[in-house]
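Residue numbers (full-length UniProt numbering), protein chains in the order written: chain A, 1 to 342; chain B, 1 to 342; chain C, 1 to 342; chain D, 1 to 342.
Derived by calculation from the structure, the hints in this document are not laboratory data. Bear in mind that the values here come from a model prediction, so they are computed numbers and not experimental data. Please note: incorrect hints may appear among the correct ones.
Partner residues are not named here, just some residues of chain C that face chain B (Cβ under 10 Å, in silico) [as the list claims (entries may be wrong)]: (1) Ala-31; (2) Ala-119; (3) Glu-121; (4) Ser-186; (5) Leu-187; (6) Thr-208; (7) Gly-224; (8) Arg-225; (9) Val-229; (10) Glu-276; (11) Arg-284.
Covered stretches of chain C (chain B as the covering partner; in silico rule of three or more C-beta atoms under 8 Å from a C-beta of chain B) [claimed, not checked]: (12) 11 to 23; (13) 198 to 204; (14) 242 to 249; (15) 300 to 310.
Yeah, the Cβ is synthetic: ideal placement off N, Cα and C, and Gly gets one too.
There are 4 protein chains.
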Amino acid sequence: MTHKIAILGASGYTGAELVRLISQHPSFEIAALSADRKAGMEMSQVFPHLRHLDMPTLCKIGEIDFSQIDLCFCALPHKTSQEVIAALPKTLKIVDLSADFRLRDPAAYEKWYGNPHNALEQQTEAVYGLTEFYRNDIAAARLVAGTGCNAATGQFALRPLIADGVIDLDEIILDLKCAVSGAGRSLKEGLLHAELSEGYNAYAIGGTHRHLGEFDQEFSKVAGRAVKVQFTPHLMPANRGILATAYVKGDAQHIHECLAAAYTGEPFIEVLPFGEAPSTHHVRGSNFCHIGVAADRIEGRAIVIAALDNLTKGSSGQALQNANLMLGEDETSGLMMAPLFP
Amino acid sequence: MTHKIAILGASGYTGAELVRLISQHPSFEIAALSADRKAGMEMSQVFPHLRHLDMPTLCKIGEIDFSQIDLCFCALPHKTSQEVIAALPKTLKIVDLSADFRLRDPAAYEKWYGNPHNALEQQTEAVYGLTEFYRNDIAAARLVAGTGCNAATGQFALRPLIADGVIDLDEIILDLKCAVSGAGRSLKEGLLHAELSEGYNAYAIGGTHRHLGEFDQEFSKVAGRAVKVQFTPHLMPANRGILATAYVKGDAQHIHECLAAAYTGEPFIEVLPFGEAPSTHHVRGSNFCHIGVAADRIEGRAIVIAALDNLTKGSSGQALQNANLMLGEDETSGLMMAPLFP
Amino acid sequence: MTHKIAILGASGYTGAELVRLISQHPSFEIAALSADRKAGMEMSQVFPHLRHLDMPTLCKIGEIDFSQIDLCFCALPHKTSQEVIAALPKTLKIVDLSADFRLRDPAAYEKWYGNPHNALEQQTEAVYGLTEFYRNDIAAARLVAGTGCNAATGQFALRPLIADGVIDLDEIILDLKCAVSGAGRSLKEGLLHAELSEGYNAYAIGGTHRHLGEFDQEFSKVAGRAVKVQFTPHLMPANRGILATAYVKGDAQHIHECLAAAYTGEPFIEVLPFGEAPSTHHVRGSNFCHIGVAADRIEGRAIVIAALDNLTKGSSGQALQNANLMLGEDETSGLMMAPLFP
Amino acid sequence: MTHKIAILGASGYTGAELVRLISQHPSFEIAALSADRKAGMEMSQVFPHLRHLDMPTLCKIGEIDFSQIDLCFCALPHKTSQEVIAALPKTLKIVDLSADFRLRDPAAYEKWYGNPHNALEQQTEAVYGLTEFYRNDIAAARLVAGTGCNAATGQFALRPLIADGVIDLDEIILDLKCAVSGAGRSLKEGLLHAELSEGYNAYAIGGTHRHLGEFDQEFSKVAGRAVKVQFTPHLMPANRGILATAYVKGDAQHIHECLAAAYTGEPFIEVLPFGEAPSTHHVRGSNFCHIGVAADRIEGRAIVIAALDNLTKGSSGQALQNANLMLGEDETSGLMMAPLFP
């Protein structure tokens, strides 16, 4: 059986990544693509790398007949997303890739995003989309909120450790290295090749990055108490890939065992042999997440490193994984492609 | 029906690319992987991006039971390849990715490669592996010689034009821009990130690049007379992608029509609308080749530009396409993945 | 004696490059920096790499007291530049880096740039700024028009050959590879790291690039007849560096001799030994231009390749070289820094 | 007065960087260049970017008449360096860029480098070359041991804080991002463009990087007690630049004040306004170090980030700064060039 899929916001990177992935999916068919400012254009004009595909012409959201759609991906900016989703049919299955439905607490949303939430009804029913930890809820959900790409990476490294209490909850430091596609197709000087290539810097320093809202919510939830991590993202001269280096206090071997146990049987999470370091080079273009653990020379300290592709496992791949669950398909369907190396 | 596949020389880039592609192939199964100097290692140690795959341990060629193999890819260096292939079972289907069986004339081989050919029997039966132009021969072949990656790109741009006589055969200039993976996993100073990134240069200038042997052979064959092109490759700070800019004399519209007609129905060759320029950005990681044609401001001159991924359409993807034909599978099987962008 | 310098348009790349160079100049002092939209900001906010310098605050052009300025660099967009320069004091020495005063023929200007020229008086007195070929005129000039960066590179490769008639004037093909800083600090999707890195493409194909106006003017002038070259630029995933590959007909040895003779004694032009290929890696950040010549395997054909840094020798370094001449300083003053490698 | 300079190991990156810098130095003259395996070659063959310079032919060390040399830079591998230096004239001024004379304790040297020290006499007299903290000792020294590039960066961020006791000495985490030129001109697969570009990974995880020997020695010395930091380096897809992100406990404002005070008047160290983050983009090719401080959202925690160019301020620039002191020149001589951006 073929599922009819709509993608709203198809002119951004996560939209294009969804098309890339779904083009190889055995039972999904893209029935509608929206891009308000580029409505009327062909996808091949906006993304020439997709020119071999026979895709619907880009349209405005209002032109889509959602009664013919089985599942809708929203790859719109936050704030816009909640408005659009509030207006969609209430029975339509939706995977939202924006930040709008990630935070359970509207006050937390307003704190991190600066605007009040205007779709509280939908926000209430939304399920947090970190597939490996919300699988059953996602399978039963109508609306799934895709996670932040940094938030996903940090959680893959730390969530089982916090849940099992094998690390000191008050001493977690997360140093993240992010590729530039995480910033989207934004026209900013700092994202130009001339200004980004060949160098790197921290940004959103001091605990101001919005994905901290997700860390706070999820880590506190699994710990059963407030957990606040120290989190500093760095912008890298690369297009895809997040490397999260977590500095934690605890027994490194226990930490490794905890992660290995937590991810046993997971199709996309690979816990490396103890002492090995993962690399974003080895996950590019794929839905895999590699995790490594090592003991520091200082007794009682460990390093946990997670690597994934922000556009795939960090957003569009995760979204497809969730959609598979929501539509009763094999969770890995369309997602087992190997990374691209070199 | 599942075909058992062996890959000889699996520790190089084209070997790893074959594994990447075949891992998604519905009816191919990798039964043996050789890498003489890395025998005994797991593929995941040599190429950690493939760690999610359940692959045979790397072995020496002599350890493979070829009676259980339906088709063997040889991704070995030239000269080694001919020796290995000469010693393989005479009925084994083989796709060779080296230069050893590309040239029909042993004297031409010796001229370009500097050593006499030592497997003339096999050389005689080998079919040149440019799928779009040797489809029937390849389907019937036992031994197929994969083309040079530069040679493939240049031929996609020029071959129909030479065959149809729509350009001046004595005035063809081919300026090629090649990504570094075309040089293989070679330890040379000039291929280090520190020395290659952020700059570019021509190499093998003056008509000394070995792929000229293929151009001379194939272009002369289709023209029915000697055709020598002027060919200068340039090394680019990128990992995948060949852009061939061909400067030709002829009517640009006729040239565009000739190419469009030649590639009608071809699943992997996309001729762009007249006047548009292709980009290697739009074919990365895929088996597609994009071709553009424009008229120069100077009357009677045209530019033909072809873009492909050297590791996919330029070598391992082409090899798989040929293997599909040789084993009676759909030619596109395992090869329709979209390019990776960004 | 110290010369007081003003730079108009200091918030662009060529402006910043001028500041970088002049900061090391023994007898130039930057007295004023303008940037209309960033007036009131410090240079260190716009370009943090210059934070060690004690620079004047960015101002509007109208705020500069030009009676205190010995020479003014205009690093403004074309069209704006002519308007600004027409309004500056008529005795002020000016080096203009825009396209506005490069073309002698106002009709040619209008053809290539799409707008009529509105500063014909200044246009008449302007001297074309290709230092090595207009040295005496520049030393005596009030207004010098810096060349296009591509135009400079192509002329270094070809100008002596056209002047001496050692190549066929009707068969010149120029395939250029340009770094992205040549496009300036422009916010365009194609210049984003995510879209530019790791790939390449031709642009302005078919003879539509504006620098052809300069080639036509200068090559025709030195040839004493109309000369039209075929010119195709390609955008490279690198920040600095132009590589011009010229395909010409003529005797390669004569060509090499002609170039070697033409550039004897030139401090910035290095003609490599016959058969060697230059690389943009070896001129980055410097004012040098490397030129190589090789014979093709086809009798009577040669390749001439020139490499320079578009921001230095291709624009701001050239501008400083010209300013040195105009102010009676040593032509090489402030310009002898070695390239940055790696 | 001109000082005659020798550079041993001129075929590596730090050797080439020394030549780049010294070529602009007003009173240094390169009198000898050694490179054992490339003896007899011209520097322009080994590093074509230096072809404009009139340099001595590369020779073997034994061929140099050290009686004519005022100061010798040793840019040799560790272990080799100590042997060579032990055999040089005992009165020759030397700046060593290797690791051989950095550690005061021979046992520490053997622990981190794996071989016993064989030049203990020289080791005793060597002065640690972190200019800003050993200025007077360096001016009086015969033999100065250049610091590790990572060690320099971490110390610029942390040393005043440890000396003044404004941070918790037992809770220092240093997450370092290093460019690839720090690995030298080594032929390793992981340093190839194809394998390094577009991704990143930690290495030497668990506190095994050799520069920890320097951190332990220097931080313990200034603290007057044992101080062990947790240090994890990451390899970046860039050629130049180290970014050290230090996670510390203390009052962020005090930390900023402490650093600002410590570096007042320092010509090369720039402490940014509170809350700003430095970038390696803004120091490339220069001898500057930019340092930023921010408070984390978690009370009592701060982030200190330092950025410098590993080949300049991290090694060859530092070496020249030290040589200036040793020869009585202005410390900044030949070192005030602005960074290269973009």
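Hint check:
| no. | hint | verdict |
| --- | --- | --- |
| 1 | Ala-31 | violated, 34 Å |
| 2 | Ala-119 | violated, 28 Å |
| 3 | Glu-121 | violated, 31 Å |
| 4 | Ser-186 | violated, 18 Å |
| 5 | Leu-187 | violated, 17 Å |
| 6 | Thr-208 | holds, 7 Å |
| 7 | Gly-224 | violated, 20 Å |
| 8 | Arg-225 | violated, 15 Å |
| 9 | Val-229 | holds, 9 Å |
| 10 | Glu-276 | holds, 9 Å |
| 11 | Arg-284 | holds, 7 Å |
| 12 | 11 to 23 | violated (count 0) |
| 13 | 198 to 204 | holds (count 6) |
| 14 | 242 to 249 | holds (count 3) |
| 15 | 300 to 310 | holds (count 4) |
Of the numbered hints stated above, those contradicted by the structure are hints 1, 2, 3, 4, 5, 7, 8 and 12, listed in ascending order.
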